[in-house]
Amino acid sequence: MDFATFLIQLLNAVQYGLLLFLIAGGLTLILGIMGIINLAHGSFYMVGAYLAWSLSMHLGSLWLAIPAGIVLSVILGLLLEWLLIRRLYRLGHLQQVLLTYGLILIVEELRSIIWGDDVHGVPMPELLSASIPLTDTLAYPVYRLWISAVCVVFALLLYVLIQRTRLGMMIRAGASNREMVQSLGIDIDLLYRFVFALGVALAALAGMIAAPVSSVFPAMGNQVLIVCFAVVVIGGIGSVKGALVGALLIGLVDTFGKVTELPIGGLRFLPELAGMSVYLLMAVVLLWRPAGLFGKSS
Amino acid sequence: MSRSNTLAIAAVVILIALALLPFVAEKFTVQFATRILIMAIFAMSLNLLVGHAGLVSLGHAAYFGIAGYCLALSSPQYQAANFWTSLPLAMIAAGALALAIGALVLRTSGIYFIMATLAFAQMLHSLLHDTGIAGGSDGIFIYARPDIGFFGWRAFDLEKFGDFYFVVLALFVVVFGFIGVLRASLFGRVIAGIRVNEPRMRSLGFATFRYKLVCFVLAGMLAGLAGYLAAVQFGVVNPDMLGWHFSGAVLMMVILGGMGTLAGPVIGATAMLLLEIGFQSLPAVDGINPGKHWQLPMGIAIVLVALYLPNGLTGLLRRGRADE
Amino acid sequence: MNEAILRTRALSRHFGGLAAVSDVSLACEMGQVHAVIGPNGAGKSTLINVLSGDLPASAGQVLFDGRDITRLAAERISQLGIARSYQKTNLFLPFTAFENCRLAAQSRLSSSMHFVRPALGREDINAAAQRSLAQAGLAGRGDVIVCALSHGEQRQVEIAMALATRPRVLLLDEPLAGMGAEESSRIVELLRELARDHAILLVEHDMDAVFAVANTLTVMVNGRVLESGSPAQIRASRAVQEAYLGVDGA
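So the sequence lines, in the order shown, correspond to chains D, V and G.
Just so you know, the first sequence maps onto residues 1 to 298 in the numbering used here.
Just so you know, the second sequence maps onto residues 1 to 324 in the numbering used here.
Just so you know, the third sequence maps onto residues 1 to 250 in the numbering used here.
For reference, chain D alone in the conformation it holds in the complex:
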């Protein structure tokens, strides 16, 4: 392929990867720090997208919808943790899988009741609706660059939070030793509540900023969930850095897999198999390096 097409695909891959990172980052924190498998995590992404659509209609623009949506999703996260999730800490993986599965059904039906089942488009803000021309015929949308930029900003904020603040230190400590953190006088329940709400908000934010390019449809949460698990597994459970690397890796494999037909050892790598390759990668990591790229080896 020529350079312009390659560049476009590369930018798409990075943007997809960064978006995945935003969602999977929360998932890996929840899994690594609180030990909870949250099957409903993809649903928060979907909720974010529908919030973006509905709020931008009522408030008039996406610029207003996003902050409002973030506030609402933080509240949602806090509420869910307090109501349901905190009861899962002492229960096993089986109960977690079951409860969060039930949660998916609840969230999806509530969305269906509140917002219906239709597919919607969300208009891009005017400021960002231009495209940067690359060749005579190809141009790259500014909005997609903006998505990547937002993700990078939040990745940095997350890094600063976790590595450079006291709160982050507590989060990291809470991951390895719950009792010790408690004995230091830190309220671990509040800490977990915060982490969960953070995860929900990040997923919802991803849904909000992605809405104009991916449109808003009912199955979007389920679609993204398993890919996010793949990211978490490849990157290593509990590692935000791993989630970033894993997400970008998957972004590249998925995007380039879909557009290339490379002859590998005599076989042609069909575009349709790109989706399967993500899970293949996930399975390979689980079997041969369960700790992932950056996870702690148990």
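Simulated from the structure, these hints should not be mistaken for laboratory data.
Some hints could be false.
Unchecked claim - Short, incomplete list of chain G residues facing chain V, as computed with Cβ under 8 Å:
(1) Ser78
(2) Phe92
(3) Ser107
(4) Phe115
(5) Arg117
(6) Pro118
To be verified - Straight-line C-alpha distance at most 20 Å; calculated SDA-like pairs for lysine to any residue:
(7) V:Lys292 with D:Phe217
(8) V:Lys292 with D:Val119
(9) V:Lys292 with D:Ala219
(10) D:Lys258 with V:Ser137
(11) D:Lys258 with D:Thr5
(12) V:Lys292 with D:Gly116
(13) D:Lys258 with V:Asp130
Unchecked claim - Distance windows between CB atoms, simulated:
(14) D:Asp189 with V:Ile277: 35 to 41 Å
(15) G:Ala139 with V:Phe23: 55 to 61 Å
(16) G:Arg67 with V:Arg107: 24 to 30 Å
If you're wondering where the values come from, they're calculated on a predicted model, not measured in any experiment.
Every residue, glycine too, gets a C-beta built ideally from N, C-alpha and C.
The hints should help you fit chains V and G onto chain D, whose structure is shown.
Then chains V and G, alone, in the frame of chain D:
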């Protein structure tokens, strides 16, 4: 009267009632009962893994679905397949898939095992959904139900809902009996030991990996049986039969009923399907149609079961008796 | 003088930078009790864990009947005829004492891949389980769920399970822990009796029992062998007395 006598009598009574069903109930009820029996077989197969062996699989629908696809692919386009060849073929296909996947995923444990089973099932789902193989996302239709004739003698016609019900009932009884026998066998005791304390079993000299793998394959084959029957009943197979949503639903049945017991998965499947149809039948009020959103009360029910019924419905019954 | 049935050569086990077991060479002979003693943290339990295959060795060799078994998995080692008991309760807690032993006895079948006939129909396995329960002093307690047994009785189940696997070598990790005087002396008698047809490696803190029953003693400190020899030699050793200074000992 001793407890096992009471249970045996209850089982016989229920069996007789089930056998009489097509003579007293209407078509819809019989078809619904057939669906429950098929799901009960599926739930029993997963219980073998989750309840008896302690292996939480979130990808069990893969074996259910692959058997259905096997039937669809081995059926001539508009003709009936041969029941006596297509069923074993489907079960062997499911078993072979379970062997291949089990050999890999059983090298992990805990959270990694759960996710590995999920990953492989998703791979298969993705393969069937995204590529053009086997009808893609639309799936394949099965236009004629398999011919259960034996060298020309046809005792049952699976196209008749009553006959199909009896065949399914018979297979259900066989599976129920098989699992009951399996639990008490030498193999079953090893599996129980592995669930309680696997390292100790290894330290006693048992090659636990082999036993887990055999259990995984048996569970896969029984799931395949259920998938085959479901494909026959609905006349269509599609990738969602292998999806994680479905794997989650059958896990719910197993936990709702009570893990590790013989009747648990059957009770769980029955309760879940009754709940589903109950929620779907809620009357419309003031223009609001709750039946359409039946997954909301279902989701709430699942959440409540996860929090408050760790031993499922059979656990409730046992607790009730202990209080007397 | 018998050739030692179980022997270690420079056996070591590291955890990262920590050497839990370092350069340990000892031998166990049939008909003899070899006791391993030492202060807490000396590496005694780790030693047994390496011998039984529960932990891999970092260096050195374990030889059984002259054969190198260092890399073998725990289940293979058990099948060769080396059984162990655990110091921390490691039983099948929801099962009865009988079922615990029955499983242990069942392990001696060439294969348990039998799917139809009831396990309890195997009278030979049932009898073996009852025998080992009786030998360990638990006749009549078989129907009790193990988690309802006293700590001392649980130690007895551990021994019964080890016996039910018909071993030649017994690795016993503090079998007397938490037992009263009467139970202890009964177990000591049992050990004396078992020693006749087995090789026993005994890790214990109860010095009376150790000196009553052991033919050879090895003293471990900080993962290394401090001294090894007859009971009289160890009792008289200045080095051992110094190592035990301030620690509950002989």
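Hints, one by one, checked against the model:
Among the interface hints, the one on Ser78 of chain G holds; its C-beta lies about 3 Å from the nearest C-beta in chain V, closer than the 8 Å criterion. Nearest Cβ of chain V to the Cβ of Phe92 of chain G: about 5 Å, under the 8 Å cut. The hint holds. Among the interface hints, the one on Ser107 of chain G holds; its C-beta lies about 4 Å from the nearest C-beta in chain V, closer than the 8 Å criterion. Below 8 Å, beta-carbon pairs count as interface contacts, and Phe115 of chain G has one with chain V at about 5 Å; its hint therefore holds.
The criterion of a C-beta within 8 Å of any C-beta in chain V is met by Arg117 of chain G, whose closest approach is roughly 6 Å, and the hint holds. Nearest Cβ of chain V to the Cβ of Pro118 of chain G: about 5 Å, under the 8 Å cut. The hint holds. Annotation: proposed proximity of Lys292 of chain V to Phe217 of chain D holds, straight-line Cα distance about 18 Å (limit 20 Å). In summary, the hint linking Lys292 of chain V to Val119 of chain D is supported, as the alpha carbons are separated by about 18 Å, within the 20 Å threshold.
Under the criterion of a C-alpha separation no larger than 20 Å, the hint pairing Lys292 of chain V with Ala219 of chain D is consistent with the structure, at around 17 Å. Between Lys258 of chain D and Ser137 of chain V the CA atoms are separated by roughly 18 Å; this keeps the pair inside 20 Å, and the hint holds. At most 20 Å may separate the alpha-carbon atoms for a hinted pair to count; Lys258 of chain D and Thr5 of chain D meet this at roughly 13 Å. For the hint pairing Lys292 of chain V with Gly116 of chain D, the CA-to-CA distance comes to about 12 Å; that is within 20 Å, so the pair holds.
The hinted pair formed by Lys258 of chain D and Asp130 of chain V meets the criterion: a straight-line CA distance of about 11 Å does not exceed 20 Å. In this structure the hint that Asp189 of chain D and Ile277 of chain V lie 35 to 41 Å apart at CB holds, the actual value being about 40 Å. Taking the beta carbon of each, Ala139 of chain G and Phe23 of chain V are about 57 Å apart, inside 55 to 61 Å as hinted. Distance hint check for Arg67 of chain G and Arg107 of chain V: the Cβ-Cβ separation is about 28 Å, which falls inside the suggested range of 24 to 30 Å.
Checked against the numbered hints listed earlier, the structure breaks none of them; every hint is satisfied.
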